[in-house]
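Heads up: the sequence lines are chains A and B, in that order. Under our numbering, the first residue of the first sequence carries the number 2, and numbering increases by one thereafter. Under our numbering, the first residue of the second sequence carries the number 5, and numbering increases by one thereafter.
Simulated from the structure, these hints should not be mistaken for laboratory data. Using N, Cα and C, we set each Cβ at its ideal position, and we do this for glycine too. Possibly wrong hints are sitting among the right ones.
[As the list claims (entries may be wrong)] Across the chosen pairs, the derived CB separations fall in these ranges:
hint, chain 1, residue 1, chain 2, residue 2, range
1, B, Y71, A, E70, 22 to 32 angstroms
2, B, K11, A, R309, 39 to 49 angstroms
3, B, D50, A, E414, 54 to 64 angstroms
4, A, E10, B, R66, 54 to 64 angstroms
5, A, N345, B, K11, 41 to 51 angstroms
[As the list claims (entries may be wrong)] Covered stretches of chain A, as calculated for chain B (at least 3 residues, CB under 8 angstroms):
hint, segment
6, 349 to 355
7, 367 to 380
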Amino acid sequence: MSNPRFYKERQSVYSGVPYFYHDLDNEEYALLDICKKTEDEWNEIRIAAIQVGAIFDKIAPLLRALDDETLLQLGFPYETLAYCKIKSIPQEYVIGRLDFVVTNSAIKLLEFNADTPTFIKETFHANSYVCQHFGVENPNRNSVEILRAEMRKAIAASWNHLNRPGVPKIVFTSHVEHIEDKWTTRYIQEQLDMPSEYVSLDQLRIVTTQFIENGEVIEPGLFTPSGERIDILYRQTYPAEHLANDKEPTTGEDIGQALMNLVAQNQVMILNPPSSFLLQSKAVQVLIWGLHEEGKYFTETEHEIIERYFLPTYLEPDKFLRDNLPYVKKPSFGREGDTVQIFNGSGETINEEPMKTYSETLPVYQAFCPLPISKIQTALGEKQAHLMVGCFLLNKRAGAIGIRAGGAITNNESYFLPVGIE
Amino acid sequence: MKMSNTKKLMAGVTTSVMALGLSGCGQNQYENTTSMPSEPTEYECDDWEWDDEEGTYYCDDRKSTHYGGYYFLGSMFANKSALRKSSGYSSFQQGRNSVTSPSQSKSYKSGIGSGSKGGYGG
Numbered sequence: 002m003s004n005p006r007f008y009k010e011r012q013s014v015y016s017g018v019p020y021f022y023h024d025l026d027n028e029e030y031a032l033l034d035i036c037k038k039t040e041d042e043w044n045e046i047r048i049a050a051i052q053v054g055a056i057f058d059k060i061a062p063l064l065r066a067l068d069d070e071t072l073l074q075l076g077f078p079y080e081t082l083a084y085c086k087i088k089s090i091p092q093e094y095v096i097g098r099l100d101f102v103v104t105n106s107a108i109k110l111l112e113f114n115a116d117t118p119t120f121i122k123e124t125f126h127a128n129s130y131v132c133q134h135f136g137v138e139n140p141n142r143n144s145v146e147i148l149r150a151e152m153r154k155a156i157a158a159s160w161n162h163l164n165r166p167g168v169p170k171i172v173f174t175s176h177v178e179h180i181e182d183k184w185t186t187r188y189i190q191e192q193l194d195m196p197s198e199y200v201s202l203d204q205l206r207i208v209t210t211q212f213i214e215n216g217e218v219i220e221p222g223l224f225t226p227s228g229e230r231i232d233i234l235y236r237q238t239y240p241a242e243h244l245a246n247d248k249e250p251t252t253g254e255d256i257g258q259a260l261m262n263l264v265a266q267n268q269v270m271i272l273n274p275p276s277s278f279l280l281q282s283k284a285v286q287v288l289i290w291g292l293h294e295e296g297k298y299f300t301e302t303e304h305e306i307i308e309r310y311f312l313p314t315y316l317e318p319d320k321f322l323r324d325n326l327p328y329v330k331k332p333s334f335g336r337e338g339d340t341v342q343i344f345n346g347s348g349e350t351i352n353e354e355p356m357k358t359y360s361e362t363l364p365v366y367q368a369f370c371p372l373p374i375s376k377i378q379t380a381l382g383e384k385q386a387h388l389m390v391g392c393f394l395l396n397k398r399a400g401a402i403g404i405r406a407g408g409a410i411t412n413n414e415s416y417f418l419p420v421g422i423e
Numbered sequence: 005m006k007m008s009n010t011k012k013l014m015a016g017v018t019t020s021v022m023a024l025g026l027s028g029c030g031q032n033q034y035e036n037t038t039s040m041p042s043e044p045t046e047y048e049c050d051d052w053e054w055d056d057e058e059g060t061y062y063c064d065d066r067k068s069t070h071y072g073g074y075y076f077l078g079s080m081f082a083n084k085s086a087l088r089k090s091s092g093y094s095s096f097q098q099g100r101n102s103v104t105s106p107s108q109s110k111s112y113k114s115g116i117g118s119g120s121k122g123g124y125g126g
């Protein structure tokens, strides 16, 4: 039963956050509660994020050098093979998020959401309102400036690569009807201090072959509904593997692949860049762990970082079954806990996500590292929840931190738990 | 005995590591890249400095008329403050991106975003 006073207090705090979604699908999402740690403890997470990020940065060139057969073994859809090898700006990703299990004794990486991480408006923006409410310092207070600087750098690098005159036409896009996607996208658009436009995904127009209109030659490219040529497309929330499936509604043409071709032909730049998709596959952790076990490719210091922060990850569960160790089966391109299963050392399911959207994609098998459990305050009273810590990486620099509180498998129904300094 | 998928994968990766001479100690074609775009060429200034905080270049050449100015995407701003106030400069919009016509032509194709209904950012 909801406590009316608490309900009013929560409404009062979150109604002050412009264009926020503290409730999603009529369910409580953002908690009026706070997880406090010392500044040193938050910094330890940021150090882990920077060091883990450096490992992904190091593996990216190797991934681009792999043949198609090996990339297919890593779960990349065939249609995306050319796209994911494109390298046109120095940044491998602009806004990425690392998800960690953080306990008193260790910090372990669960996954790197390099391509389309959300949780941005929550951690970079809404978190400060909750810190103010509880009268504590915000550990994310410097993150917005880093976000702005790195977005600006990425736009500058993209524009530099296109080598066109004038100033770029920058468009931010998302599904307009999905509130979380839309307000996340509008938030990052606000952080870029130069002219840009929001165009929903369904309103984008693609020209695949040159034609003449009103006596003017129109070259292939991406356009706004009013016919302006787009130079840089920022699509923070739309996964590349979904883009690969997009169809033109009347002809059935593979329009998403046509957009990927335009990116390959330098007709339009896309952010996060294609290399972020290359790092998105959870099977990349199989490769990193495999090279670590074989003592290859990485320096001694990097091997120590992998040993400290990464979990053993393979393409089959054999090693865990042999050693009678619990493990997690997760899709290489899954999102939000969908299709994730937890097994005991005998291979029996002990927990699983009911959503099975990604059952066709390549699974990876990772050592099970349980999320710590803590008490949280919800509108319906106190609850026990598993806590997963997300730390943003903004082109190698550590950004905002936030917590998802929910079940043993973090999913779409998990809460946003703000963070503060103890 | 059947080779595991992980071993098969690592065999392919090892071949690539060896073939390209990539190693933990060596440089490769990407490791020399930095996060900085190349220096501007449109404005006379012999000493461009990178401002990491702003993510832009500024002119540090005392002999240049642009001394102290900040460059961003083809334009110069007198100082950092002017750069930061630059969001409203719609006059920079140029003809290249101007509206050409209502995009009713069949040559303008739609369908981006049809692969899902959103909510799949991780």
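>> Given the hint of 39 to 49 angstroms, is the C-beta distance from K11(B) to R309(A) inside that range or not?
In response: Violated: the Cβ-Cβ distance is about 25 angstroms, outside 39 to 49 angstroms.
>> Can you tell me whether the CB distance of Y71(B) to E70(A) sits inside 22 to 32 angstroms?
In response: violated, 56 angstroms
> For the segment 367 to 380 of chain A, do three or more residues have a beta carbon lying closer than 8 angstroms to a beta carbon of chain B?
Replying inline: violated (count 0)
>> A range of 41 to 51 angstroms was offered for this pair. Does it hold for the Cβ distance of N345(A) and K11(B)?
In response: violated, 25 angstroms
> For the pair D50(B) and E414(A), does the Cβ-Cβ distance stay inside 54 to 64 angstroms?
Replying inline: At roughly 59 angstroms between Cβ atoms, E414(A) and D50(B) fall inside 54 to 64 angstroms, so the hint holds.
> Holds or violated: the segment 349 to 355 of chain A covered by chain B, criterion of 3 or more residues with Cβ-Cβ distance under 8 angstroms?
Replying inline: Violated - the segment 349 to 355 of chain A has 0 residues with a Cβ nearer than 8 angstroms to chain B, which falls short of three.
> Is 54 to 64 angstroms right for how far apart the beta carbons of E10(A) and R66(B) are?
Replying inline: holds, 57 angstroms
The structure does not agree with the numbered hints 1, 2, 5, 6, 7 stated previously, though it agrees with the rest.
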